[in-house]
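A.B. asks: The primary structure of each chain is shown beneath.
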Amino acid sequence: MPVEVVMPALSPTMEQGKIASWTVKEGDKVEAGDVLAEIETDKALVELEAAADGEVGKLVIEAGTSDIPVNTPIAYLLRDGEALSDIETAPAQVPEKPEAPVPAASEQPPASSVVPQPITVTIAADPELPADAEMTEQSVREALRDAMAEEMRRDETVFVIGEEVAEYEGAYKVTQGLLEEFGAKRVIDTPIVEHGIAGLGVGAAFAGLKPVVEFMTFNFAMQAIDQIINSAAKTHYMSGGLVTCPIVFRGPNGAARRVAAQHSQDFSAWYAHIPGLKVVAPYTAADAKGLLKAAIRDPNPVLVLENELLYAVKADVPVSDDYILPIGSAKILRAGSDVTLVSHSRSLDACLEAATSLSAEGVDCEVIDLRSLRPLDTATVIASVQKTNRLVTVEEGWPVAGIGAEISAAVQSEAFDYLDAPITRVTGLDVPLPYADNLEKMALPSTDKVIQAINTVCYRQG
Amino acid sequence: MGKKPVKQTQKTNKLMREEDLVSSYHDMLLIRRFEERAGQLYGLGKIGGFCHLYSGQEAVVTGIAKAKLPEDQMITAYRDHGHILACGVDPYNVMAELLGRADGVSKGKGGSMHMFDVDKHFYGGHGIVGAQVPIGTGLAFANAYKEDKNPAVSITYFGDGASNQGQVYESFNMAALWKLPVIYIIENNQYAMGTSVERASAQTDLSQRGRSFGIEGRQVDGMDVEAVYAASLEAFEHARSGKGPFILEMKTYRYSGHSMSDPAKYRKREEVKDMRQHHDPINMLKDRLIERKLMSEEEAKKIQDDIFDVIEQAANKALENGEPDSSALMTDIYVEENHAG
Ligand SMILES: Cc1ncc(C[n+]2csc(CCOP(=O)(O)OP(=O)(O)O)c2C)c(N)n1
Ligand SMILES: [Mg+2]
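Protein sequences, first through last, are from chains H and V. For the first sequence, my numbering begins at 1 and goes up steadily by one. For the second sequence, my numbering begins at 1 and goes up steadily by one.
Hints listed in this document are in silico derivations from the structure and should not be mistaken for laboratory results. Quick reminder that beta carbons are idealized off the backbone N, C-alpha and C, glycines included. It cannot be assumed that every hint is accurate.
Sample of chain V residues with no beta-carbon within 12 Å of chain H, all distances over it, derived [stated by the list, open to error]:
#1 His121
#2 Phe141
#3 Gln277
Facing chain H, from chain V, some residues (calculated, C-beta under 10 Å) [said to hold, decoys possible]:
#4 Ser201
#5 Met260
#6 Ala264
#7 His279
#8 Asn283
Could you build the full structure based on these sequences and the hints that come with them?
C.D. replies: So this is what it looks like as structure tokens:
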């Protein structure tokens with residue numbers, strides 16, 4: 001049987017890919033390990049290698065084709081004695097197994113499982129922007145890169161340091177192009193030494209530079225958390241205001257896809273807990289740019305909690321070099337009158353989807369993006385609750401001492417009389433994140449869980 | 001039965017026994033085929049998350065496995081499929097873990113990076129670069145604590161990239177200070193993701209990283225299973241006899257990308273090809289075995305075919321195994337209370 005070459009899954013988040021180019025043509029002989037094509041994934045350009053020796057029998061899909069779903073046959077390799085005519089009748093190379101694995105034992109489908117229907121959501125325009133502001137469509141990834149590049153052009157003391165940020169252009173390609181523009185003095189690859197670079201960054205900041213320290217992911221910043229908290233956050237205070245620490249720590253935070261417990265944590269509440277730090281968690285591309293620029297210009301240590309699964313999401317971003325958002329101001333993504341949903345970062349997807357789907361049933365949700373976790377804009381939340389009288393908080397982090405707990409405390413103390421129902425929290429479950437697909441889904445917030453919570457605070461039957 | 005198995009003592013013969021040589025060919029090939037199948041299943045979207053393949057580095061765990069005693073512990077990072085297979089764990093349960101299924105070694109909860117088998121003295125499968133090094137040192141601490149004349153040795157693996165982490169040096173100091181029975185295996189495959197050793201390390205002879213603590217180290221050809229065996233025997237002897245830690249820097253090479261999503265722009269394809277063609281640990285051993293008449297081409301073919309079947313069966317069975325029961329989500333967070341003792 002000819003060997004079927006399929007569009008491979010090349011990353012935890014890849015669902016489709018583009019054939020950037022074929023590096024072989026029909027009739028070429030190849031050996032296992034030879035490059036067949038260059039595949040553009042959600043993260044990078046990756047070379048596709050032949051899995052077996054053979055002859056390129058047929059290239060099924062043309063170079064330049066995008067959005068090819070993973071597992072689509074893209075070429076066939078002929079092995080000894082095989083002819084082109086064998087292709088049409090060739091069954092799939094890998095024996096087909098049941099698509100959805102049959103759950104073991106007594107498993108019921110988890111109550112939270114929703115059939116993922118793509119829901120189109122719209123987000124309110126940013127009130128802080130003049131109506132005629134020039135905009136360009138960018139991914140969150142590009143917006144973050146531009147924020148750094150613009151600030152580096154403006155201020156010689158800004159530099160970027162981290163693992164794989166320079167030559168590799170970022171493990172998640174956020175620092176793409178920076179080495180080329182700013183050179184190795186200002187875009188610095190380090191060994192794998194999180195604690196060391198966090199401390200080195202703090203020292204450089206004490207001495208007047210403005211480091212942007214990239215953590216490949218915030219999971220690895222736990223190696224560095226002593227320097228972030230004990231040095232970056234506290235020294236200004238301990239020195240009676242003599243020493244300042246204008247540093248940014250940034251990188252992806254929260255669960256990606258099936259990378260298991262040590263690589264899937266939401267540190268929002270951890271850092272929000274610390275006096276002396278500022279903490280932002282942008283959701284949209286525009287906020288990513290405006291908040292990262294604000295973080296770099298801020299004279300204090302700022303954590304920018306990004307999200308890997310949002311990096312590729314595109315939206316309009318102001319072109320201006322001076323698009324600086326205030327740190328500490330929440331944004332109403334969707335105005336509504338019946339119930340307030342408060343969230344940040346990727347969990348807003350679930351909120352907006354829930355709001356959209358319930359609006360068809362006559363429930364009008366207001367969705368608030370906190371954007372900043374320290375300082376926390378409780379005023380915006382309280383004003384909303386005074387209007388809707390109902391509150392659901394949604395976050396990916398664990399429930400105990402989480403962001404939702406903090407919001408609940410603020411609302412019950414300042415808007416207790418306005419509440420018509422107990423505040424309900426949707427959080428990641430109180431468990432290290434499992435690898436298995438079914439368990440991982442159960443452990444994270446979902447649109448369905450948000451809908452259930454809304455129904456609860458509205459005393460509706462779901 | 002009933003008789004307690006006689007505890008094995010330190011092996012001393014520096015040359016591998018004939019049967020160990022032939023079984024090394026088998027064991028390395030098993031890892032290679034396993035990883036090829038895993039790569040394929042990842043490409044098909046059956047394996048999720050990160051998946052770091054061990055192809056190219058098989059001689060390291062295999063040579064050490066032949067020199068170790070059964071109760072010696074092993075611990076490593078996320079590139080752990082080869083290590084758990086070298087501990088003798090059934091490829092079926094390893095594959096099931098990769099697929100996130102109920103029969104996985106970690107019940108599907110850990111995945112590729114978090115394989116464990118405590119009965120086989122394999123302590124994982126750790127995702128945070130360098131973190132396994134103090135833990136491995138702690139295994140050695142426990143071994144020393146038991147005051148056995150012939151203590152188990154902790155075999156603590158880490159990469160060239162990990163060798164720059166601070167906790168490695170905290171560990172070296174403690175291990176030397178307290179003469180702990182640990183051997184540190186630095187699997188120098190020349191890259192940490194896209195960063196070559198030269199770009200990350202001021203001192204590139206990683207075997208000398210223990211010098212300021214007085215820890216002896218050797219550089220070893222990690223593509224040669226016999227060299228790995230001989231060097232690790234020396235290290236085991238040293239550690240087991242109460243002289244403290246030993247460092248072996250295994251010069252090796254990873255054929256695949258760092259993980260499955262590696263654009264591989266940091267090295268030349270010719271470099272990978274050259275390693276595959278001229279330094280492949282499995283082919284080199286095969287040629288040697290045939291030359292020394294320890295194995296014939298036919299026997300080699302038989303081993304290859306058997307392994308192919310073993311891996312196919314393991315993969316097919318694992319694909320049919322169900323996902324963990326939903327009740328498994330909230331178990332194993334804490335040890336289930338048991339007041340029987
Ligand atoms: C503390 C920490 N920082 C960063 C990472 C991301 N990361 C995973 S593997 C890796 C490279 C490690 O290279 P090396 O130690 O040489 O091991 P190899 O992958 O070559 O086996 C990096 C940076 C991590 N997992 N943990
Ligand atoms: Mg390495």
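A.B. asks: Evaluate each hint against the coordinates.
C.D. replies: Comparing the hints with the structure gives:
no.	hint	result
1	His121	22 Å, holds
2	Phe141	22 Å, holds
3	Gln277	10 Å, violated
4	Ser201	7 Å, holds
5	Met260	6 Å, holds
6	Ala264	6 Å, holds
7	His279	14 Å, violated
8	Asn283	13 Å, violated
The structure fails hints 3, 7, 8 (numbered hints given earlier, in ascending order).
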